[in-house]
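Given only the sequences and the hints, what does the whole structure look like? Please build it.
One letter stands for each residue in the lines below.
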Amino acid sequence: MSTIEIGGKTLELDADGNLANISDWNEEIARELAKSEGIEELNESHWQVINYMRKVFVEDGGAPSIRKLTKESGVNTKELYALFPNGPAKKSAKIAGLPKPKGCI
Amino acid sequence: MKKLLILGAGTAGTMMLNKFAKELDSNEWGITIVDQHETHYYQPGFLFIPFGIYNKKDVIKPKRDFFPRGVEVIVSGIDKIEPKENRVLLQNNQVLTYDYLIVATGSKINPKETEGLAGELWQKSIFDFYTVEGAVALADFFKHWEGGKLVLNITEMPIKCPVAPLEFVFLADSYFTERGMRDKVDIHFVTPLPGAFTKPKASSILGDFLSKKNISLTTEYNIAKVDNENKKIVSWDEIEIPFDVLITIPTNMGDEMIERSGMGDELNFIPTDNYTLMVDGYDNIFAIGDCTNLPSSKAGSVAHFQADILFENFLDVIDGREPRAKFDGHANCYIESGFGKGILIDFNYDTEPLPGKYPLPGVGPFSLLEETKMNHYGKIMFRWIYWNLLLKGKELPIESNMSMAGKRL
Ligand SMILES: Cc1cc2nc3c(=O)[nH]c(=O)nc-3n(C[C@H](O)[C@H](O)[C@H](O)COP(=O)(O)OP(=O)(O)OC[C@H]3O[C@@H](n4cnc5c(N)ncnc54)[C@H](O)[C@@H]3O)c2cc1C
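Protein chains in written order, with this note's numbering: chain A, 1 to 105; chain B, 1 to 409.
Worth flagging that the hints you see were computed from the coordinates, not collected in a lab. Incorrect hints may have been included.
Stated by the list, open to error - Pairs of lysine-lysine, DSBU-like flavour, derived with a Cα cap of 35 Å:
id	chain 1	residue 1	chain 2	residue 2
1	B	3	B	160
2	B	61	B	160
3	B	201	A	78
4	B	213	B	341
5	A	100	B	84
6	B	232	B	341
7	A	100	B	201
8	B	19	B	326
9	B	199	B	407
10	B	394	A	100
11	B	326	B	80
12	A	100	B	213
13	B	232	A	91
14	B	80	A	100
15	A	71	B	232
16	A	9	B	201
17	B	232	A	100
18	A	55	B	231
19	B	2	B	112
20	B	112	B	160
21	B	341	B	3
The following block contains the structure:
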């Protein structure tokens, strides 16, 4: 199992590189995770998405898909891609401290 | 008299119908199946139509050829399920009640989900091969095409038969080579996935096949719209890819009937238990095949493995017991790779496709993740197996749960 150092704390990561324990997460950690994803600063819209993701996760037990995100988060697809380039669902889940959305094949 | 109602007489519904007609005592059980169409399509055959290998006649048969005696068949659209009332409303105004329900209404493409996809160029320069109409129109187009940029784009996951797009570009390579015009055709595979396929080992091996066959690959591409005027696809992050012919796999969704019933997710797929195949929240409804939200592949072979599990669990449930059989996500897919060869992959929820050998009593072994003639015969044989054994619910010499025998870690 790999780990990451944030603010002097060692946090466990899962196989996809997302936080292994969602309870390790806080806003400070989100900012650091965002930086490692190439997002220097989290603005209000970023937080709107991140908070929505965490809410859905608690309610449904899984991170929402991109479709559910655009339908319910109040942020449209175009904006989502601008906020979280290359895969908004995957990236915002990581920053929100959640496991990767359940991928399907 | 107890009532079993099956919705959808495609691959999965027909299999379940045959299994239960044989098993359940007709003095105690009435079995009804509903479908809107009288024709059964062998969907895996659609892949071969654009290249003139099969034609429409090779992929259709009347559904009634596969219905056993002693069951009630209703040809009608299904309006909606009222799961709390144990009731189904049909579009012919009939109302059906049930004790147990099996939903097998599949999935279908929805080009209207993407701006400009079903626009001016639809079936002129933009084609799908997930419908018989699309596949036939494309066959006509290819016959007279003089070459240019061929772009294959997967709109979003999940799609049924996730290997079919790869097979399409492999076959296109082979087809245009045999017609002596491969140098005039640029083949470009554009996918939202991070690689040629989802699972890491298969993705890297299949990616190597693409480059060996001189097919370019663009990954993590999420299409936002089609610019019909300039013949380009445009992604959400504004990357443009020009095409002369676009082969699209549009968004795959469950039937609108699922939405009308309030039983689906954002794509109208039915939330279903990964292991027991029972619909979440109900103890008398099962779902099987492409209509579920299971993270397994949406494929006929997968529906076949699910059918064995559903059958056992159904018998447990009607006896008042907990369902004991567990579906492991097993998928077994032959990938046509062109020039009379094929590749085989075998995997489940937990084990990704691995190289090695796949033992099959009496016929095999087949090579896994390698191109062989034998694997191509496997695919060709599948059509015979599909019509003669699979739909009729007969035993195949394949275990429903995946086995590690022959696989190399
Ligand atoms: C191009 C292509 C290639 C493929 N290749 C392979 C392959 O090589 N191997 C493989 O294993 N699988 C392959 N598949 C996938 C396979 O065909 C499907 O996974 C399989 O048919 C799913 O079975 P199903 O019963 O869930 O759905 P279907 O067979 O699609 O049946 C659904 C049925 O429900 C009916 N229905 C739906 N809604 C309603 C309604 N509201 N009212 C009335 N009736 C309704 C439909 O008419 C239909 O008959 C391929 C598919 C495609 C498109």
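We went through each hint and held it up to the structure:
| no. | hint | verdict |
| --- | --- | --- |
| 1 | B:3 x B:160 | holds, 30 Å |
| 2 | B:61 x B:160 | holds, 21 Å |
| 3 | B:201 x A:78 | holds, 32 Å |
| 4 | B:213 x B:341 | holds, 13 Å |
| 5 | A:100 x B:84 | holds, 34 Å |
| 6 | B:232 x B:341 | holds, 33 Å |
| 7 | A:100 x B:201 | holds, 19 Å |
| 8 | B:19 x B:326 | holds, 18 Å |
| 9 | B:199 x B:407 | holds, 16 Å |
| 10 | B:394 x A:100 | violated, 39 Å |
| 11 | B:326 x B:80 | holds, 29 Å |
| 12 | A:100 x B:213 | holds, 32 Å |
| 13 | B:232 x A:91 | holds, 27 Å |
| 14 | B:80 x A:100 | holds, 33 Å |
| 15 | A:71 x B:232 | holds, 26 Å |
| 16 | A:9 x B:201 | holds, 33 Å |
| 17 | B:232 x A:100 | holds, 31 Å |
| 18 | A:55 x B:231 | violated, 41 Å |
| 19 | B:2 x B:112 | violated, 41 Å |
| 20 | B:112 x B:160 | holds, 18 Å |
| 21 | B:341 x B:3 | violated, 46 Å |
Hints 10, 18, 19 and 21, counting from the list given before, are not met by this structure.
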